[in-house]
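The task is simple: from the sequences and hints, build the whole structure.
Chains as they are written, first to last, in the numbering used here: chain A, 1 to 201; chain B, 1 to 452.
None of these hints come from the bench; they were simulated from the model.
Be a bit skeptical, because a hint or two may be false.
Restricting the straight-line Cα-Cα distance to at most 25 Å, the calculated cross-link-like pairs of lysine to any residue (SDA-like) are [claimed, not checked]:
no.: 1; chain 1: B; residue 1: K264; chain 2: A; residue 2: I114
no.: 2; chain 1: A; residue 1: K162; chain 2: A; residue 2: R133
no.: 3; chain 1: A; residue 1: K94; chain 2: B; residue 2: M319
no.: 4; chain 1: A; residue 1: K94; chain 2: B; residue 2: T230
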Amino acid sequence: MTAVEPLVLVVDDDPSVRKGLTRLLALADYAVETYASAREFLAREPYPGPCCLVLDVRMPGLTGIQLQEILAATGRRMSIVFVSGHADVQTSVKAMKAGAVDLLTKPVDVQDLIDAIQRAVTKDKHDLASEARLAEVQRRVGLLTPREVEVFAHVVTGMMNKQVGAALGIGEKTVKVHRARVMEKMQAGSVAELVRLADWA
Amino acid sequence: MTGPQPVRRFLGRPDRAYPGFVPDDAMPANARTRSQRRSRSAASRLWLIQALTGAMRVVPNLDLPVSKAANSQVSAYVTIYPDGTTSKPKLVFEFTRDGTATRSWAVEEWVEAGEFPWMTARLQRGEVINVSHLEELPDEAAVDRRSYLAHRVKPQVAVPLLVSGIVVGGLIFSTVGAERASSDELIQQLHLLGEVFANALSRKQGELEAMRLRQELAHIGRVSALGELTASLAHELSQPLTAILSNAQAAQRLLAGDVLDLEKVREILGDIVADDKRAAAVISGLRALLKKGEPEFVPLDLNEIVGAVAWLIRSDTIMRNVSMSLELASDLPAACGDRVQLQQVVLNLVLNGLEAMREPHAGARTLVIRTGRDAAGAVRVTVQDSGPGIASKDLGHIFEPLYTTKREGLGMGLAIVHTIIGAHGGTVGAENNPDGGASFRFTLPVASEKER
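Have a look at this one:
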């Protein structure tokens, strides 16, 4: 996990709203960045640390919901708190189904907003940790030779070396050698640990 | 006194009010200010004088019995029962010898209907009353007799005013000063006069009713158009409210802190005030559009009206993904019209254009509102959309009431435009653009020098 501070990114087309929310969140000790449109936000480099997107549903150009879809389609996972002046049921359901942390109606109360942001940041930290772990496991899997991958895949199903050898048409001893390499490259101390790593991968 | 003249039977109480010539206390609420009520009341009296003098010219050989005595005069009173009840009859005007109305009576010169219960009851039954001498009055008219004496009224002839068989009021001729009998011929003439006058009232009432209906319709149109705008208006209001709440809560946090940054608090309060004004502007814009009342025809800048509607609809165009642009002529002369109604016209045309672009279609969604002048010099407003255009079978009908090409349409929007512009002496039109979409336009005559 990185040591970068949590960041709140506010996307709202209304300058007064951006100013008011920035003021409020700064007083609640959040680092805040504001964007006047979805496009302006998309032009920003993805933030490496935990963050939360406070997103207006209704904006000129791309709407908040459309931005959520674009982020999902491009694989940029973000914790989103929607704020909306007039959210209909359909929009709310769509936003929440697509993984939004919360949808608050404007004018939004500071405590509700801070609670939602807090949950979003916590979720983001958790997601970041999982992502980091996944990336690490994938990195380790990348070190394996094709044969070792095959052995890895069989071992984690609970097969004995002999059975793996039979399945892959190689000798038990060869399986043993491959298996030792797999344990080493995957940095697993036991088969149980290897199974857990396989789950993440 | 002579017996009652044969009249049509009183068919029952009228079930509606008779607007336009009602007493001041029954003036509709939309005559808001005192001065408006007064001017309405004056216009109403002026109309009555014209109608009555007109009626008097129609009756052959009408010779109102005016004595030569200096203190004698004939007064004509018109009394109207606005809702079929015996409300205050109103002294309306006074006639001189030649039968021409000279002046209307001052508003404060009221006569309470309660002062003449016997006469009022008979008038409402549709009877003609002819009293030559006060002694002729029956015992049950004791109250009336006292009132006559108090007002120094001597002979009196009263004829009911009937509209479609319903008594809506009475026309009462009284002589102040000398007593004098009215001849049967005069009674007949006054009866005829009453009928002619009642006819004029009836026509006027029809006109007023039609006008009221038009206004009502336009109001309903505005309310329903606003229904379509609810989402964007909620947005327009929630933005400043969000900013206000954030700022206010930020200020609370600042105040709760150890160090008080007064400069910061001052800055926050300034922003709160600005956003509150912004919210108020949204509401007053709405109120201006929803205002229900008498049309007021004044010289107007159409550019300003287009601007106000564009501002109101801005958020809606954003949601609909429509790019809206204004092309306003800089040297546009003023046109004479009612601001609320013309805003309604522009709003309806804009909503119509936005609706046309609702279905998914290729190409950009653009809406252009243009002001300018046509070949004849009239002021013209055009709303151009990039929708599918108008099918040729619909082109001739789109301004007709209840004609709609939309699944959920009522067919009222463009019909209201047509009605309002017609009442303004302007023209409406629609055509397909050469490069796709449709254009709707209306023209209004330029306000004359006098109006400006």
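Identify every previously stated hint that the structure contradicts and give their numbers, smallest first.
-> 2
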